[in-house]
Amino acid sequence: MSDISLTVNGKRVSGTAEDRTLLVHFLRENLGLTGTHVGCDTSQCGACVIHVDGKAVKSCTMLAVQASGSTIVTIEGLADGADLHPMQAAFKEHHGLQCGFCTPGMIMTATDMVNRHPEGLDEATVRAELEGNICRCTGYHNIVKAILAASETMSKGKARQAA
Amino acid sequence: MNYDAGDYAASLDAAMAAADYAGFAERKAAAAKKGKLRGIGMSNYIEACGLAPSAAVGSLGAGVGLWESAEVRVNAAGTIEVLTGSHSHGQGHETTFAQLVNQRFGVPIDSVSIVHGDTDKVQMGMGTYGSRSGAVGMSAVAKALDKVEAKAKKIAAHLLEADEGDIVIEDGALKVTGTDRQVPWFQMALAAYTAHNLPGGMEPGLKETSFYDPSNFTFPAGCYVCEVEIDPETGVTEIVQFVAADDFGNIINPMIVEGQVHGGVAQGIGQALLEGTRYDASGQLLTASYMDYTMPRADDLPSFKVSTSNTPCPGNPLGIKGCGEAGAIGSPPAVINAITDAIGITDIAMPASPSTVWAAIRATKH
Numbered sequence: 311m312s313d314i315s316l317t318v319n320g321k322r323v324s325g326t327a328e329d330r331t332l333l334v335h336f337l338r339e340n341l342g343l344t345g346t347h348v349g350c351d352t353s354q355c356g357a358c359v360i361h362v363d364g365k366a367v368k369s370c371t372m373l374a375v376q377a378s379g380s381t382i383v384t385i386e387g388l389a390d391g392a393d394l395h396p397m398q399a400a401f402k403e404h405h406g407l408q409c410g411f412c413t414p415g416m417i418m419t420a421t422d423m424v425n426r427h428p429e430g431l432d433e434a435t436v437r438a439e440l441e442g443n444i445c446r447c448t449g450y451h452n453i454v455k456a457i458l459a460a461s462e463t464m465s466k467g468k469a470r471q472a473a
Numbered sequence: 604m605n606y607d608a609g610d611y612a613a614s615l616d617a618a619m620a621a622a623d624y625a626g627f628a629e630r631k632a633a634a635a636k637k638g639k640l641r642g643i644g645m646s647n648y649i650e651a652c653g654l655a656p657s658a659a660v661g662s663l664g665a666g667v668g669l670w671e672s673a674e675v676r677v678n679a680a681g682t683i684e685v686l687t688g689s690h691s692h693g694q695g696h697e698t699t700f701a702q703l704v705n706q707r708f709g710v711p712i713d714s715v716s717i718v719h720g721d722t723d724k725v726q727m728g729m730g731t732y733g734s735r736s737g738a739v740g741m742s743a744v745a746k747a748l749d750k751v752e753a754k755a756k757k758i759a760a761h762l763l764e765a766d767e768g769d770i771v772i773e774d775g776a777l778k779v780t781g782t783d784r785q786v787p788w789f790q791m792a793l794a795a796y797t798a799h800n801l802p803g804g805m806e807p808g809l810k811e812t813s814f815y816d817p818s819n820f821t822f823p824a825g826c827y828v829c830e831v832e833i834d835p836e837t838g839v840t841e842i843v844q845f846v847a848a849d850d851f852g853n854i855i856n857p858m859i860v861e862g863q864v865h866g867g868v869a870q871g872i873g874q875a876l877l878e879g880t881r882y883d884a885s886g887q888l889l890t891a892s893y894m895d896y897t898m899p900r901a902d903d904l905p906s907f908k909v910s911t912s913n914t915p916c917p918g919n920p921l922g923i924k925g926c927g928e929a930g931a932i933g934s935p936p937a938v939i940n941a942i943t944d945a946i947g948i949t950d951i952a953m954p955a956s957p958s959t960v961w962a963a964i965r966a967t968k969h
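Chains as they are written, first to last, in the numbering used here: chain V, 311 to 473; chain S, 604 to 969.
The shape of chain S in the complex, shown without the other chains (with noise of 0.2 Å):
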């Protein structure tokens, strides 16, 4: 396994200049006059994800694969149904696996159902974990399209009297290029249920499955910059800019992806400052409900500063290399390292809570 493409000096560029990193000093001296300790910290990291090749996870011990299934159904209405093996809980599948659909055809979006979840009705699959929805599952629609696109310019080829290599499909339509003649996808799809007039030896219908394995991981690679003022009195961190710029390859929703990584980053916020699983000495779990574990809240965090720059993964069709882990990858340390560089140390446990800030920070003066 390689890692296959990224341009890396890209994310940290546009984070350093969201950022606005040359400032910071400026930003620092201001804080340092209201009491307030001010530190920034960055982090570059890459992931492997895009979960995975097989025979890889195979050699690691796993006792599945972790390949991704996929129909697509095109209903003699000219109607299409995706049953993916992906389950989608808040990840947007829906819309997104629906969009692919939608760019391939130009047949209208409400068109398109996505079907997930639903044993009765798909086939086993995989599911949604390790950044897998978009490079693997969607990776197993787009090969079932593939088959679809190959069969549907068959009979639309032979309905328009034309070569099956002159067919192009746009605007949910099959045209025969450089001219005006065109079937309409309904109509295709009718013609292909009906089977009045389909090309010899063809069999009914138009509904395909696929299965797609992965060549190799992905590599999702991303520069994190956060900047904190400490209240030494107190301990208290406030998070005050918090920037993620990612390099996710090729994208098909740009407001999910945002959205994924929002989620992401206050998770790692919530880890590097405030979440932590306490037990007494007897085994008794301290943090036994939210009034005690500390989940985030809005209060507790900023908005975000995200961008993405998109080198198109080489390992799979459409060229996604997958976002849902990022933001909880990328953040923790940055926040770790913003509080460091605040108080003059090298290290400090998560979660950085106020009490253990604020006994760092009186650690440094003795």
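So here's chain V without its partners, still in its complex pose (with noise of 0.2 Å):
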């Protein structure tokens, strides 16, 4: 058993969990924040995307014990409030999700995109960088345009607060 000390949507938590145990596992069963998925428990499918101190990571493939001292950001530390974040905002008005299984760590890997490209995403970009994400549901042709139209918005967001 390992202490584990993470700051995880803004807020220090701590707890003890076996060596064994995954960072998404821990982040939903010792800390209740079941938004992140267990797709396939194995890195292949995305479901479980978060920040981990500003990066993308899959936090299936992740010990627990390694994040420590970390900070993280999950699906559930996106919104401001009752306002969603653009990425957010532009799914829901895109139709960008289904089911909704793949949607979390879809929007987390596509926050982590946007912020890697201030020059701006194209198609063939986002479709390339979105490979670790599966999605059966939509085709992928409503999260592309989510995400081309979410980080339209982001990079006018940015614009603005350099002004």
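Note that these hints are calculated values from the structure, not bench results.
Even for Gly, the Cβ is constructed at its ideal location relative to N, Cα and C.
Every clue listed holds true.
Reference listing, derived: stretches of chain V covered by chain S, where coverage requires no fewer than 3 residues with Cβ under 8 Å from a Cβ of chain S:
#1 352-365
#2 398-409
#3 435-442
#4 447-461
Got two chains here, each in a separate frame; can you build the complex from them with the hints?
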């Protein structure tokens, strides 16, 4: 057993878990943050993507003890109170989800993607970088559309902040 | 059972226009200059869905009837709960079914809640498959709404001292046609439950149930056109364009319908190009994870060009044909026809993986 301390969605949290505990299970079972999904449990499907120290990580591929001391953002930490994050709003607006199982991972991957491409995104880049996230419902069509739309909104938001 | 209604030529024309079929020869020549094999393939499908007349499926050996059930509860505050036997696991019933009620009575859409999947609450239902939620599930809702409407009009006519036949329901109110007399929906609902002033002999409350058993299957149909470019050196097939034109009958929510087609097309392209279950000689499954079983990923697919035409289905009260499976039906033959066209052969096995396609190209040279 190990003690684990993290900052999750802006709050300091700590707990004790077996060394073999995956980060995703620690988030879901110890912290009750069930928005992060476990799809394949083997880093193939992307449903469990979260941000660890500002980078998109498949949380089923990292041990909770490895993450100790990190700053984590999960899907629950994206919205500002009742105001959805622009990526969440775009998924809603463009029907970027159907069953919703892949959606938390898609959105966390997509926000990371936008952050890594301040120059903006095009469809080919979005599709290539979405390789690690599988969706069976949407055919990706509206997910790609939502990410491109959110990318525009987010870059405008940045421009406003800078001005 | 007869094919009931459909404008098949409209789908064909729409697909060929969206695909710029006429410009294909030029695109094929341009691809050849880059060393690529370009092909175009078409598929015209018609399916029997909206499952299904109970007597018909009984004669085919089904152990159940394929009706659907619905209950509409108008609460004392005028809010409406729709309990449906059609379960939503991503098909958007919560939105589409609520839209149906909103269109019918003009009540705010957020005053309508859709209850499904909770067997403590919902009476027996038959579920979501066979493109049946709209055609069969919503038809059951529509029939329950008919009964609610009839009783609501009786109550309103009594309150307004008007003839029941003169009452119309619009914009969230029950109005005496041709006058400015009206009673708001919520006030009528409250009157149903206070029961202080109801027509003589009427039971209090406003809650109705319906079972709907379809009279026929529904027959969505459409035309799909796929265009591919194949790298003859590697056998890798790229879908460069995919067009779907479907006649789905009446549509309640176009965005959700398009989403259903997108997902189906992706699944069909997966079947045609990528997805296969492989076992070795000893029976060991070789494709047991997503690392080996190739589910389509975003960069295996293009964005799709989707359109619909809307020949009302005569078999159900809403004129809906259904859209859930169409994408997965029309797409595999269109993809395979495009590949065989590109290579100049008549058949290729699915999934047409790069090695299969490469071998087929090699075989044409010997």
